[in-house]
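With the hints as constraints, model all of the structure from the sequences given.
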Amino acid sequence: MSDRLREYLSIGVMLALVGFFYMQTPSEVKHGGSIFPNALMGALAFLTLLKVAVDLLFPKSRAAKQDVDQATKDNRKRFWFILASIIVYVLLVEYIGFYVSSFVFFFGLTVAVQYEPRTPRGLAIRLASVTGFMLFLWILFTKVLLAQLPKGMFF
Amino acid sequence: MLETLSYLSFLADPYVLLVMTLGTLAGIFLGAMPGVSPTMAVALLVPMTFYMDPRTGLILLGAVYSSAVAGGGITAILINVPGAPASIATLLDGYPMAKKGRAWEALCITFWYSMIGGIVGVLAMIWFAPILANFAMNFGPAQIFWVTVFGITIISGLSGGAVIKGLFGGLFGMLLSCIGFSPMLGEPRYVFHDSLTSGIAIVPVLVGMFAIPQVLDLAENLHNLSGENRLRLMEQARAGGVRPRGTMLKIILNIRHWWKTVTCSLGIGLVKSVIPGVGANVVGLIAYDYSKRLSDNPQDWGKGEPQGVVASETANNCTVGPALIPLLTLGIPGSPTAAALLGGLLIHGLFPGPELFTKHREITLTFMAGLLAAQVFMFFGGMLISRYSQHITKVPALIMIAAVSVCAVVGSYGVQNSMDDVLIMLGLGLMTYVLLKLDFPVAPMVLGVVLGPIAEVNFLRGKLVAEAGDGMFQFFFTGGINITFIIICVLSICWGFFVEYRAYKSKKAAAEVQS
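Those protein sequences? They're chains A and B, same order as listed. So for the first sequence, my numbering puts the first residue at -14; every next one is plus one. So for the second sequence, my numbering puts the first residue at -1; every next one is plus one.
Keep in mind that the hints were calculated from the coordinates and are not lab data. As the structure is a computational prediction, the values presented were derived from the model and not from experiment. Any given hint could turn out to be false.
[Unchecked claim] With the Cβ distance kept under 7 Å, some of the chain B side facing chain A (calculated, not the full set): (1) 162; (2) 166; (3) 172; (4) 173; (5) 188; (6) 396; (7) 400; (8) 403; (9) 424; (10) 425; (11) 436; (12) 454.
[To be verified] With a Cα cut of at most 20 Å, we get these calculated EDC-like pairs of lysine to aspartate or glutamate: (13) B/503 to A/40; (14) B/301 to B/287; (15) B/357 to B/11; (16) B/258 to B/294; (17) B/435 to B/215; (18) A/62 to B/437; (19) B/506 to A/40; (20) A/36 to A/-12; (21) B/98 to B/353; (22) A/45 to B/437; (23) B/506 to A/-12; (24) B/505 to A/-8; (25) B/506 to A/59; (26) B/505 to A/40; (27) A/136 to A/101; (28) A/45 to B/498; (29) B/258 to B/298; (30) B/503 to A/-8; (31) B/435 to A/40; (32) A/45 to B/510; (33) A/45 to A/101; (34) B/258 to B/215; (35) B/503 to B/437; (36) A/36 to B/437; (37) A/128 to B/51; (38) A/136 to B/498; (39) B/435 to A/59; (40) B/435 to A/-8.
Idealized CB from N, CA, C, for every residue including glycine.
And the structure:
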């Protein structure tokens, strides 16, 4: 991504965020509760305009930054897989329970995405380390700190 | 000072000792993991302190904070990758020392001088914080409002080359803090979804904004820390595993040759770190540069000169205490890690400011005493972990990604037992990741969320008083303290613009030369 494109995208994001909050401003709040957020929105809108002006006066380079190497590009599939796994994991915690979903997420992710070749010994070590970590969390949160974690349908 | 030191007796409790030891070891371990910053380590542990007595919880966070800063030096020395941003200057000479087979010496220097820097910094905090808190007792709503604006502007102005984005992030954070009911008038605002009725709690914000983007960043750079690269790093680390006898004694005695470097680094660490927004990484680099200029052998620096490690480590750990002074006295976190620590205060109902030194005096002084003791724990913990430091590089980045994600979920859920908090954490985390990609600094945004309610309450209080008196302008824009804060705010923004303009000019000049 070039510097100029990044700045244009930044302006787009700034506009979107201010616009979103502006649209959500409740019309029924007539008392002092809206003074501060409205003042903030005004300041944010001003900063967005200032950003547009600054980018027009001092345009950034169109050349793409050379900081992304081939290996990083090759890693993108793994990145998207990890991101999707995290989202699915967070959404499932409530339904299948914290310990079960965390175990599946931890073991599944580390085995599915690993760079090293999968060997029975490696899998056994991974299984043992994930079990150990989950056991540690269970002792710490459920037994020592007496925290209530999502139980879901299993555990 | 003596009163604070008397609270060291609290640490005699075996439970507190255990918590502090575990916190220190965890801090060093997490600090040494590339991709896991001290801020993230503190943010992940904040929810855990919810279940503890406030004093024990804060001592745990203090121990993690100081040891994570020092722990970053381990991987900087062994594999040339700073575990924490604060250790950037350490690798300049630490890694060349390791390549010469002097890794153990560099590690001993790291933890010994981190301890010295840390102790001096915490003593300065113990000395100055109550004085500043006493001064802050005179602040009314207008002054407190300007303090919050000052916090946002100075961290945005000094965040380096993105002033508008920094300010936008800070104000946007404040706007996020308005979600829920108005703190003074009880009116609902921006409740897009039922889960937002009670507003956004501090823990999901901290975990989401600090931990999730780092997890995704680790995922993005996974190839650098996996496969053949990891094997190479492990080989490098193994090569640094030799421990000659008497190294520590030699380092302790060498202070007579290195006193100029130590004094210079302590001075820079103390002065620079009080300014909100100047991180330990910047302080470390400045101390390195100045100490090099003062040195008798500047030509050896960068080639494995032990004083380079001394300068960096003394200065970066010296920032731990002073960076907390503005947080404890004015409620302005001096660094992102201090902002995460602020979460630890808030979940126990402790609001930073002069009240900490009056109403909650015992807790505050115990925390300060604990932070002092944490420096000594950090030294012993660091020396212990350094013996096995080459094994730290064996922990795959994938394991860290999965473990941090699980901890982020449990941390955000645990405080209010609410899945909504987990979803808010994830949503904020993904949003922050995108904003970081567009070069929006994250620290002002977190600060905005934290300072938003304080700013709003004091603005509305000030407005009520002003309307009954001489008017808004008279109330908010006159008086020595108000004007001083306004001038500093304007100067920090102008400075930020100047730095940005200078960077733009030099980049343009370089591009013209190339073309």
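### Query
Minimum Cβ distance from residue 173 of chain B to chain A below 7 Å?
With a minimum Cβ separation of about 5 Å from chain A (threshold 7 Å), the hint on residue 173 of chain B holds.
### Query
Taking the least C-beta to C-beta distance, is residue 396 of chain B closer than 7 Å to chain A?
holds, 5 Å
### Message
Need the status of pair residue 62 of chain A, residue 437 of chain B: alpha-carbon distance at most 20 Å?
### Response
Given that 20 Å is the threshold and the Cα spacing comes to 23 Å, the pair is violated.
### Task
Assess, step by step, whether the Cα of residue 506 of chain B is no farther than 20 Å from the Cα of residue 40 of chain A, and give holds or violated.
Since the Cα atoms of residue 506 of chain B and residue 40 of chain A sit roughly 14 Å apart, the hinted pair holds (cutoff 20 Å).
### Task
Would you check the hint for residue 36 of chain A and residue 437 of chain B, treating anything up to 20 Å between C-alpha atoms as holding?
holds, 13 Å
### Hinted contact residue 400 of chain B with chain A - closest CB pair below 7 Å
Holds, because the Cβ-Cβ distance from residue 400 of chain B to chain A comes to roughly 4 Å (cut-off 7 Å).
### Task
Decide if the proposed pair is consistent with the structure: residue 45 of chain A and residue 101 of chain A, CA atoms, cutoff 20 Å inclusive.
This hinted pair is violated, its Cα atoms lying about 41 Å apart.
### Query
Is the hinted pair residue 136 of chain A and residue 498 of chain B satisfied, with a Cα-Cα distance of at most 20 Å?
violated, 51 Å
### Query
Holds or violated: are the alpha carbons of residue 45 of chain A and residue 510 of chain B at most 20 Å from each other?
Given that 20 Å is the threshold and the Cα spacing comes to 13 Å, the pair holds.
### Query
Taking only the CA atoms, is the gap from residue 357 of chain B to residue 11 of chain B under or equal to 20 Å?
With Cα atoms ~24 Å apart, residue 357 of chain B and residue 11 of chain B exceed 20 Å; violated.
### Query
Given the proposed pairing of residue 506 of chain B with residue 59 of chain A, does the C-alpha separation stay at or below 20 Å?
violated, 32 Å
### Task
Compare the distance between the alpha carbons of residue 503 of chain B and residue -8 of chain A with 20 Å, and conclude whether the hinted pair is satisfied.
holds, 17 Å
Going through the hint list in order, the structure does not satisfy hints 10, 15, 18, 21, 25, 27, 33, 34 and 38.
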